[in-house]
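> Given next are the chains, with one letter for each unit.
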Amino acid sequence: MIKFEHVTITYPDASVPTLTDVSFEVPEGELCLVVGVTGSGKSTLLQAVNGLVPRFSGGVLAGSVVIDGRRTSDYPPRDLAEVVGVVGQDPAAGFVTDYVEDELAYAMENLGVDPSVMRRRVEDILDLLGLHELRDRPLSSLSGGQQQRVAIGSVLTAGPRVLVLDEPTSALDPAAAEEVLAALTRLVHDLGITVLIAEHRLERVVQYADRIVMVPGNGESVVVGTPAEIFGESPVAPPVVELGRLAGWSPLPLSVRDARRVAGPLREQLSTIETDVFSRPVRSLGDVIATTSNLQAAYGPVTALRGIDLEFRSGEVIALMGRNGAGKSTLLNHLVGLREPASGAIKVMGAEPHRLSARDVVRVAGLVPQDSGVLLYHDTVAAECAASDRDAGLVHGTTQAVLQRIVPGVQSTTHPRDLSEGQRLGLALSIVLASEPPLLLLDEPTRGLDYGAKQRLVEVLAQLAADGHAVVIATHDVEVVAAVADRCIVLAEGEVVADGPARDVVVHSPVFAPQVAKVFAPLPLLTVHEVELALAAASERSS
Amino acid sequence: MTPRLLHPGAWWIWAVALAACALRTTNPVLLCLIIAVAGWVVVSRRADVPWSRSFASFLRLGLIVIAVRLVFQILFGVRVPGTTLFSIPEVTLPGWAAGVSIGGPVTIESLMAALYQGLRLAAVLACFGAATSLCSPYRMLRALPSVLYEAGVAVTVAFTFAPQAIVASRQVREARRLRGRADRGVRAWSASALPVLEGALDRAVALAASMDSRGYGRRGETPVMVRRRSVGLVLVGLVALAVGSYGLLDPGSPALFRIPALVLGIAALIGALLSGGATNSRTRYRPDPWVAPEWSVSIAGIVALLSFVVVGRMGDALTPSTNPLEVPAVPVIAVLGLVIAMLPAWLAPTPPSLLSATSPMAVAA
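Line by line, the protein sequences give chains A and B.
Here our numbering is used: the first residue of the first sequence is 823, the next is one more, and so on.
Here our numbering is used: the first residue of the second sequence is 472, the next is one more, and so on.
Chain A on its own, in the form it takes in the complex:
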């Protein structure tokens, strides 16, 4: 169905090709997963499927991409619309209309589908993706996850034989991600649609994949194989696979179900180990840094926050979780003074953030927004750092020093756009951290990060908390929460529904529990590292 033959893609002004001599084939009706570290060229590969690369990106494509018998060099993307549907990384950037229903119908209008068929297909897609309650809503009023589902629906209505999705679940909460993936598997199994999908959160998709295309980056050739073959030695693997490697299970489990069925003896062995053997030492909490009391917020007629009472202390890492649209970003925006509360009060270091000038607010609270790239607009890393020092009135070199500590080895002459996703986040984080705000907020920091980059981020955040910052991360990534958070706050419909130690909050939640916790429930183990520690203690005890 999709056939890459010796494809080499070189962007203009690039000295080395982004992809070198890529050849593989995806047969009809398969769900094929594209994996690789950030910046390895996954997005480029996906966009080459319908010819957006090189037609819209510029650059040169050598070799040939054939999709359903059509070479992309002979057909512009518009003439491939009923063959392949492409959903980009940022769904909002691709919206053509203002309302959900119009957006779903757009591709069909272009294809000249009969109006009565259109009506029926729009209804089908609304049901398939659980969008029927949103059909009249303006797209701009939807949360990120809802937008992602509409974007998928808007290409599905054209009835393509191939679907290409670039990180479709990275912005979604666990439940919404499950919904989208369930819909995708239904498309693969019931309708025989071929799906090509890139995803960093392997733990979510690996179990559904028939085939994996591994893009190693650095010009090395791609590896294609079944999940079991690839994860035998792959550097990127979901927690459940790592657990399988640790426990020496064969074949390697790919889903929680596989792992749980073989984990019985291990669970038995670890059942007597006390929690404090493997849990992190509890960090000592410092002063209260920020408080909100009865905080209310509204966007027009929609209430976003309803009476939030919270306290943030120095030295803790707080995970803010909850459904898409539950009010996480709104709360962060209020804490950093981007919005004025409708009622109630916020105090950060004794001041109301929205009343402070820009220069003063960065000294008490710093926010790294969801798309960290928006903070960067200079030509080189060095210029960004210098500008940051100037803005915040710091000694020259402060930001550069922070950057060296967080992401060592970033070339100061590089253009921020050419940095990898993780490095760019590191740069944005350094700029925010340079003025040493006691309250540090991160909105979805792990979006687009591979496991290695996430691990480094986790270490940085733990260090920052130890240095006395109050670190708040709004995230859907339960694995990161398990690895770093001390305290977990769950928001729903603008209210706090849970607030307590992270282990207590996530371990028994069917939605927020990490994979390891699901395998070992009712044991309170959260990460592979903890299992390792517990195993060591158990073998010590038995010897």
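The set of hints was computed from the structure by calculation and includes no laboratory data.
Careful: at least some of the hints might be erroneous.
To be clear about the criterion: a stretch of chain B counts as covered by chain A if any three or more of its residues have a C-beta under 8 angstroms from a C-beta of chain A, and this derived list gives those stretches [as the list claims (entries may be wrong)]: (1) 672-683; (2) 767-780.
From the derived model, a few chain B residues whose C-beta atoms are all more than 12 angstroms from chain A [stated by the list, open to error]: (3) W511; (4) A527; (5) F543; (6) I579; (7) L612; (8) A633; (9) L733; (10) L796.
Here the structure is a predicted model, which means the values were calculated and not measured.
Ideal Cβ positions, reconstructed from N, Cα and C, are used throughout, including at glycine.
The hints should help you fit chain B onto chain A, whose structure is shown.
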């Protein structure tokens, strides 16, 4: 009336007619009334989408235009005799630059003339802003006749660039605040110009890519010759239409550039429709209806324009004299016309609100 969105064409006819009124006059009272009418209708009938908040930005742009016009008048303007307010040092230019003057006495007459002209441009901008706020560029794009699709990406970028820039500027302002930079004032504005333009262009191109991969502008099996012919006709038609409408709006242009140019333009576009449009198999999902409210809104705009034409024929109340300076007369007929142009604030259906249960696209049957 069931809440629904008005046909974008109706809003554009109304707004263009109002802008044409503004172009025919330099009467400051009428110009201020036009801006007020546009503002009132926007406030009463805008929908809950991002573009609808762009009206204020257009007003701000209008203020900048007025300020720039005044500064230019003071520095380089033609020296009009009259009551001198103050003088700035005069620069004597060499002979080849005769006609350009820098500095000299600044008279109140010259300033008022510049103010009126700036105000006229600001009023036109306000009308354009009203159209953008009342119907999103996307809806206009969808309502365009299919022949224009040949222009594809260019049309998309042209239509969405200004609104995208406004969205981008909001984002850049927030980002500046997060970095600890001043988010208000002249310096903040000038420093964020480049990222805003860059961001808006990136968004417009990303949008064009998304539209293209969902089949926008596809022509099926059209032979190359037919395609070229319709592209040529579209180009000729658009240029003729532009010339013709400019001729109609500017009373001083030659007669050939008015009705004949318009007729030629429309004929060329119809020709393009007939030659290429037949092969375009686009369909519409819930097409926007054109019923009573659409008629009344567009007629309200046209009536206002007619009232201005009538007043223009009757005397020179539309262009009050600035030399000698006199208090501008207020022509009653033109004011009545503008009152009619304000009626869409009640005649147009209310846009669907975020919380309403009814479908925004439902036809008011």
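> Each hint needs a verdict: does it hold in this structure or not?
For each hint, the structure was consulted:
no. : hint    : verdict
1   : 672-683 : holds (count 9)
2   : 767-780 : violated (count 0)
3   : W511    : holds (20 angstroms)
4   : A527    : holds (16 angstroms)
5   : F543    : holds (31 angstroms)
6   : I579    : holds (40 angstroms)
7   : L612    : violated (8 angstroms)
8   : A633    : holds (16 angstroms)
9   : L733    : holds (30 angstroms)
10  : L796    : holds (44 angstroms)
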